[in-house]
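Chain order of the listed sequences is A and B.
Numbered per our numbering, the first sequence spans residues 2 to 236.
Numbered per our numbering, the second sequence spans residues 2 to 236.
Please keep in mind that the hints were generated in silico from the structure rather than gathered at the bench.
Where hints are given, some of them may not hold.
When chains are identical, the list treats them as one kind, so a pair holds in a single copy or across two.
Quick list of in silico lysine-lysine cross-link-like pairs, DSS-like style, CA-CA up to 30 Å [said to hold, decoys possible]:
#1 Lys67 x Lys159
#2 Lys119 x Lys81
#3 Lys81 x Lys6
#4 Lys67 x Lys6
#5 Lys119 x Lys159
#6 Lys81 x Lys67
#7 Lys6 x Lys119
There are 2 protein chains.
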Amino acid sequence: MTEVKVLLFDVFGTLVDWHGSIAREVHGVLGAQGIEVDGAAFATAWRDQYQPAMEEVRSGRLPFSKLDVLHRRNLDVVLKDFGLDRVDEATRRHLNHAWHRLEAWPDVTPGLSRLRLKYRLAPCSNGNISLMADLARRNDWHWDAITGAELARDYKPKAIVYLTAAAAFDCAPQEAMMVAAHSSDLAAAAAAGLRTAFIARPDEHGPGIGETEASVPVDLSAASLLALADRLGCR
Amino acid sequence: MTEVKVLLFDVFGTLVDWHGSIAREVHGVLGAQGIEVDGAAFATAWRDQYQPAMEEVRSGRLPFSKLDVLHRRNLDVVLKDFGLDRVDEATRRHLNHAWHRLEAWPDVTPGLSRLRLKYRLAPCSNGNISLMADLARRNDWHWDAITGAELARDYKPKAIVYLTAAAAFDCAPQEAMMVAAHSSDLAAAAAAGLRTAFIARPDEHGPGIGETEASVPVDLSAASLLALADRLGCR
Numbered sequence: 002m003t004e005v006k007v008l009l010f011d012v013f014g015t016l017v018d019w020h021g022s023i024a025r026e027v028h029g030v031l032g033a034q035g036i037e038v039d040g041a042a043f044a045t046a047w048r049d050q051y052q053p054a055m056e057e058v059r060s061g062r063l064p065f066s067k068l069d070v071l072h073r074r075n076l077d078v079v080l081k082d083f084g085l086d087r088v089d090e091a092t093r094r095h096l097n098h099a100w101h102r103l104e105a106w107p108d109v110t111p112g113l114s115r116l117r118l119k120y121r122l123a124p125c126s127n128g129n130i131s132l133m134a135d136l137a138r139r140n141d142w143h144w145d146a147i148t149g150a151e152l153a154r155d156y157k158p159k160a161i162v163y164l165t166a167a168a169a170f171d172c173a174p175q176e177a178m179m180v181a182a183h184s185s186d187l188a189a190a191a192a193a194g195l196r197t198a199f200i201a202r203p204d205e206h207g208p209g210i211g212e213t214e215a216s217v218p219v220d221l222s223a224a225s226l227l228a229l230a231d232r233l234g235c236r
Numbered sequence: 002m003t004e005v006k007v008l009l010f011d012v013f014g015t016l017v018d019w020h021g022s023i024a025r026e027v028h029g030v031l032g033a034q035g036i037e038v039d040g041a042a043f044a045t046a047w048r049d050q051y052q053p054a055m056e057e058v059r060s061g062r063l064p065f066s067k068l069d070v071l072h073r074r075n076l077d078v079v080l081k082d083f084g085l086d087r088v089d090e091a092t093r094r095h096l097n098h099a100w101h102r103l104e105a106w107p108d109v110t111p112g113l114s115r116l117r118l119k120y121r122l123a124p125c126s127n128g129n130i131s132l133m134a135d136l137a138r139r140n141d142w143h144w145d146a147i148t149g150a151e152l153a154r155d156y157k158p159k160a161i162v163y164l165t166a167a168a169a170f171d172c173a174p175q176e177a178m179m180v181a182a183h184s185s186d187l188a189a190a191a192a193a194g195l196r197t198a199f200i201a202r203p204d205e206h207g208p209g210i211g212e213t214e215a216s217v218p219v220d221l222s223a224a225s226l227l228a229l230a231d232r233l234g235c236r
């Protein structure tokens, strides 16, 4: 692995507990308005709209739009599906911004600190730059740059997103390693020529609902970013 | 200034002493090969090629190319002009990378640390992402994101570069403040709707050769980033 120069990170699920964070926010924010809602079910339903919304952009039917815009459109759909059309505009805006306030898994902040000692680090997420910057502030991460969908103006798993991220660091694809908790993300990164590391997040979609091991060939697998740092000799 | 959310920084001249750094590198690297050269004159000549090269992109005659690529083309021109065609390829590559090793003015690292307490911070430079990331590592800066030419795929002073940087932080133009040592940069930022802060760098192009005050209207002027932090209440 000596020629890997930059580690590129998937964020939703890999670095942050989007399901738990969104479930808590939705339950809390709507609960304070006297609206009882199953936060976990709402989080899952919101996320279920994620891939179809991005596919509109990937297919060329929609010009590139930041994920915040897609999230908001999806939120309106889910509120309607949950019979919550009465939720007001200010609350919708606040809820949409919950994606900027996601909590990291406990190993992530200390893991990134160690990985930073030997590698350039950047998110390569479908989240927009401001969302990534807010998550970094909240969770005390120090990125070298923010790469991903907004830089490439397209969405993963299209190859251009991974290749644009590697090129931003003047790296050939094989000098960049994609780190993710999703086999589909890693399969696409590998097809684009990148190295890959799988991180197990068995509770990503709620307790016991997440990938425990990669279903595709990867260069490395680890149970956490701290374990990845050990494997990569970052102490 | 309470509505300013992000500070965008020019880098060459404003944050780093490109002239002194390049002069030292050129003198040292070529000197070690027995080639005597006036480093300061060489640095000035190299920089003189900067605007014409970017104009090729701004005008649409050349597709967007990273500044590293333009710098390299310009280096070859200047070496020829200095009668140094004999300089080998490895040395040219090393010299071109000198732009990734520029030294910050002494106030910059502590100034950015203080400004970070209240504002999102990003470079909005014509330098490419890897160049910005390398300067940040070298000088211990912590950016929220790297904006600028590579994100906008065009060069300052075109409005799209400033507007893309503000939009990356979900800011209206007036919520972003451009910080620069060059009146031309600030005039263009102001024309795009941004706030502006002038930093005096009287020695930018060598001792006594630099702007001591803005020649255009600006929102703030300061003698250093520490003075700017004072003015903006970042203690």
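Verification of the supplied hints:
no.: 1; hint: Lys67 x Lys159; result: both (16 Å within a copy, 23 Å between copies)
no.: 2; hint: Lys119 x Lys81; result: neither (48 Å within a copy, 38 Å between copies)
no.: 3; hint: Lys81 x Lys6; result: neither (46 Å within a copy, 34 Å between copies)
no.: 4; hint: Lys67 x Lys6; result: both (28 Å within a copy, 19 Å between copies)
no.: 5; hint: Lys119 x Lys159; result: within (28 Å within a copy, 36 Å between copies)
no.: 6; hint: Lys81 x Lys67; result: within (22 Å within a copy, 46 Å between copies)
no.: 7; hint: Lys6 x Lys119; result: within (8 Å within a copy, 32 Å between copies)
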